[in-house]
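**Student:** Given next are the chains, with one letter for each unit.
There are 2 protein chains.
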Amino acid sequence: MIVTFEQEKSIIRTLLQRLNASEEEASATAEVLAEGDLRGFASHGLLRLPYIIRALKRGTIIANAKVGVVRETPATALIDGGHGLGHHVAMRAMRLAIEKAKKQGIGAVGVHNSNHFGIAGYYAEMAVREWLIGIVTTTTDALVHPWGGVEPLLGTNALAIGIPSKPSPILLDMAMSVAARGKLVEALKEGKPIPEGWAIDSRGRPTTDPKKGLEGALSPFGGVKGYGLAFVLEVLAGPLVGAAAGREVVGTLEPVEGYCTKGDFMIAIDPAAFGSADEFKVRVQRFVAQLKGSRKAPGVEEILVPGEPESRTREKRLREGAPIADEVWAELEQLAKELDVKLEKR
Amino acid sequence: MIVTFEQEKSIIRTLLQRLNASEEEASATAEVLAEGDLRGFASHGLLRLPYIIRALKRGTIIANAKVGVVRETPATALIDGGHGLGHHVAMRAMRLAIEKAKKQGIGAVGVHNSNHFGIAGYYAEMAVREWLIGIVTTTTDALVHPWGGVEPLLGTNALAIGIPSKPSPILLDMAMSVAARGKLVEALKEGKPIPEGWAIDSRGRPTTDPKKGLEGALSPFGGVKGYGLAFVLEVLAGPLVGAAAGREVVGTLEPVEGYCTKGDFMIAIDPAAFGSADEFKVRVQRFVAQLKGSRKAPGVEEILVPGEPESRTREKRLREGAPIADEVWAELEQLAKELDVKLEKR
Numbered sequence: 034m035i036v037t038f039e040q041e042k043s044i045i046r047t048l049l050q051r052l053n054a055s056e057e058e059a060s061a062t063a064e065v066l067a068e069g070d071l072r073g074f075a076s077h078g079l080l081r082l083p084y085i086i087r088a089l090k091r092g093t094i095i096a097n098a099k100v101g102v103v104r105e106t107p108a109t110a111l112i113d114g115g116h117g118l119g120h121h122v123a124m125r126a127m128r129l130a131i132e133k134a135k136k137q138g139i140g141a142v143g144v145h146n147s148n149h150f151g152i153a154g155y156y157a158e159m160a161v162r163e164w165l166i167g168i169v170t171t172t173t174d175a176l177v178h179p180w181g182g183v184e185p186l187l188g189t190n191a192l193a194i195g196i197p198s199k200p201s202p203i204l205l206d207m208a209m210s211v212a213a214r215g216k217l218v219e220a221l222k223e224g225k226p227i228p229e230g231w232a233i234d235s236r237g238r239p240t241t242d243p244k245k246g247l248e249g250a251l252s253p254f255g256g257v258k259g260y261g262l263a264f265v266l267e268v269l270a271g272p273l274v275g276a277a278a279g280r281e282v283v284g285t286l287e288p289v290e291g292y293c294t295k296g297d298f299m300i301a302i303d304p305a306a307f308g309s310a311d312e313f314k315v316r317v318q319r320f321v322a323q324l325k326g327s328r329k330a331p332g333v334e335e336i337l338v339p340g341e342p343e344s345r346t347r348e349k350r351l352r353e354g355a356p357i358a359d360e361v362w363a364e365l366e367q368l369a370k371e372l373d374v375k376l377e378k379r
Numbered sequence: 034m035i036v037t038f039e040q041e042k043s044i045i046r047t048l049l050q051r052l053n054a055s056e057e058e059a060s061a062t063a064e065v066l067a068e069g070d071l072r073g074f075a076s077h078g079l080l081r082l083p084y085i086i087r088a089l090k091r092g093t094i095i096a097n098a099k100v101g102v103v104r105e106t107p108a109t110a111l112i113d114g115g116h117g118l119g120h121h122v123a124m125r126a127m128r129l130a131i132e133k134a135k136k137q138g139i140g141a142v143g144v145h146n147s148n149h150f151g152i153a154g155y156y157a158e159m160a161v162r163e164w165l166i167g168i169v170t171t172t173t174d175a176l177v178h179p180w181g182g183v184e185p186l187l188g189t190n191a192l193a194i195g196i197p198s199k200p201s202p203i204l205l206d207m208a209m210s211v212a213a214r215g216k217l218v219e220a221l222k223e224g225k226p227i228p229e230g231w232a233i234d235s236r237g238r239p240t241t242d243p244k245k246g247l248e249g250a251l252s253p254f255g256g257v258k259g260y261g262l263a264f265v266l267e268v269l270a271g272p273l274v275g276a277a278a279g280r281e282v283v284g285t286l287e288p289v290e291g292y293c294t295k296g297d298f299m300i301a302i303d304p305a306a307f308g309s310a311d312e313f314k315v316r317v318q319r320f321v322a323q324l325k326g327s328r329k330a331p332g333v334e335e336i337l338v339p340g341e342p343e344s345r346t347r348e349k350r351l352r353e354g355a356p357i358a359d360e361v362w363a364e365l366e367q368l369a370k371e372l373d374v375k376l377e378k379r
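Residue numbers (the working numbering), protein chains in the order written: chain A, 34 to 379; chain B, 34 to 379.
One chain only, chain A, in its complex shape (with noise of 0.2 Å):
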């Protein structure tokens, strides 16, 4: 199936709302997951709204929940977010660490008490539209395995920076883990083996087979040091929140019996709070024409920014529509069906 921006944000919309999402809660959803597919995220696409929808069933999402701030400095904030929708819960807390950064140079707002937000990349992107600079972290149920350990103890624990510049901005939007879970499951469908480094298995060995990897845990990238970024940013989307670490975050990836217990934590800062904000601009245009400039590798085309691959993907889908696997569609049919919407094909 391909299905084109407006066309996905309209079917999310519309069964959130039959399970009485609020407008807004409805299409912030909406928006984040259908960013999602456009950028080349499928796992943070269209593919979880049948989650969100179980959840919201189950009563672990609640829909038209009570956000609120609960601790607050000028500087800094904790949301709780009510168990609601994690893409709505996050969009408040990034406005308001905007706010904050507008007014004293920085902002810092942790979440807790939320779900799964899709892409850390759109909340970073909010923050450099105002021409600020947006960091954004937050933690996922364990699946990546400590250095010289076994279990899966870390979250893939994106993390998203994003710096405005012209013409385009950078975006760095990444997690812990060498590959997606996603990408395990996709090889196993296909019957492909992994590259080695993706996971271990249960006991600890180095795997190329997916079954195997997913029985087992994912490596951090980058070894020892990923484990390192992994851990202290499970730190700051976890403890520092008031939310829970390792193996107690729970609720990200399926609907549990409690709620979700993760958390987010996310920065913005005001280039203008440290100098120029037309230095700055300049010193960054400058950075990046001396890396596209320089001498490329063999086999090389051109040297890309981050956020360059998936800003030109996100491009050419907002003109063709995005791919949408045939098993997501079809679940998706299957619940519209039960919550008496009938779904648009293009």
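Keep in mind that a hint or two might mislead.
To be verified - Calculated cross-link-like contacts (lysine to any residue; reagent style SDA-like; alpha-carbon spacing at most 20 Å):
no.	chain 1	residue 1	chain 2	residue 2
1	A	136	B	280
2	B	314	A	294
3	A	329	B	280
4	A	370	A	136
5	B	375	B	37
6	B	136	B	197
Don't read these hints as lab results, they were simulated from the structure.
Knowing the structure of chain A, use the given hints to seat chain B on it.
**Tutor:** Coordinates of chain B only, in the frame set by chain A:
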């Protein structure tokens, strides 16, 4: 040569004061360099003193520098380091970030017109000692190639994140390259090859020849993800704080014609601004206990948290002293002689 912590600090203080550094500047530099050697970061220890002495003589590092806050909000500041000793300037920056964090929950301080500051972890630990989270990054001369590129255009850009915890704090302190440049220099001296993945030659091909690697560029850790992280840190500790980026960063490896153009960026965060400091402590301890108590991979004796290996080396060297390379000692003896100072051996 083996030197004790106190002996090393005394040597550094004496030589720097002979070159008109203030008591405070000399002590700060002595403290951070000696801590570098204690932790096993020889490249950031006494080895750097001859460089500092050459730069002080040349006037590209200024003794008794005028360090000042040039821009400020209640939560942020920009410091002009007055081309002073980087360690002293960085300590002042972190002290200010800590002060702001205690009042506002978060404090962010940028630095320009400064010099190489030794180990980034030292400043993150300053925050940790006050039971705050410390985040520190800094730029260096361009040594790392962009993903797909051949030329060194990114610094090794240290990132240190310190988290207060009992019984021992967590301290991530890492560079963006797979291996430090110093390790290639060492391999070259010893006539040994380097592992594949550390560096590329000047034509962009992976190499195991340290000489070719030094003529080429260091590779970022973790592939394209490490490149992305090095990129955004270069902007945070560069353009954001009014410092240079890419090949315009000079003076961190060797004294140059003009001043050093690097920058630093530091953040201190008070966990108490986001929730109960006690609950934070308990949650971090529980996370560490999960990791420590988890199953180990074949051949692994213990799972370590970030900072633990260095902290063990530190304890050992506090008792036994730190090894200093003979040629570093010989160079220092020569420099000391010129300054009419006698170096004490143990």
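**Student:** Is the hinted pair residue 314 of chain B and residue 294 of chain A satisfied, with a Cα-Cα distance of at most 20 Å?
**Tutor:** It holds: about 17 Å lies between the C-alpha atoms, which stays within 20 Å.
**Student:** For the pair supplied as a hint, residue 136 of chain A and residue 280 of chain B, confirm whether the alpha-carbon distance does not exceed 20 Å.
**Tutor:** 34 Å, violated
**Student:** Checking one constraint from the list: CA of residue 136 of chain B to CA of residue 197 of chain B, max 20 Å. Satisfied?
**Tutor:** Cα-Cα ~18 Å, so holds.
**Student:** Can you confirm whether the C-alpha distance between residue 329 of chain A and residue 280 of chain B stays at or below 20 Å?
**Tutor:** 16 Å, holds
**Student:** Quick one, are residue 370 of chain A and residue 136 of chain A close enough, alpha carbons at most 20 Å?
**Tutor:** The hint is violated at about 48 Å.
**Student:** Has the given pair, residue 375 of chain B with residue 37 of chain B, been kept, meaning a C-alpha gap of at most 20 Å?
**Tutor:** 17 Å, holds
When each numbered hint is compared with the structure, violations occur for hints 1, 4.
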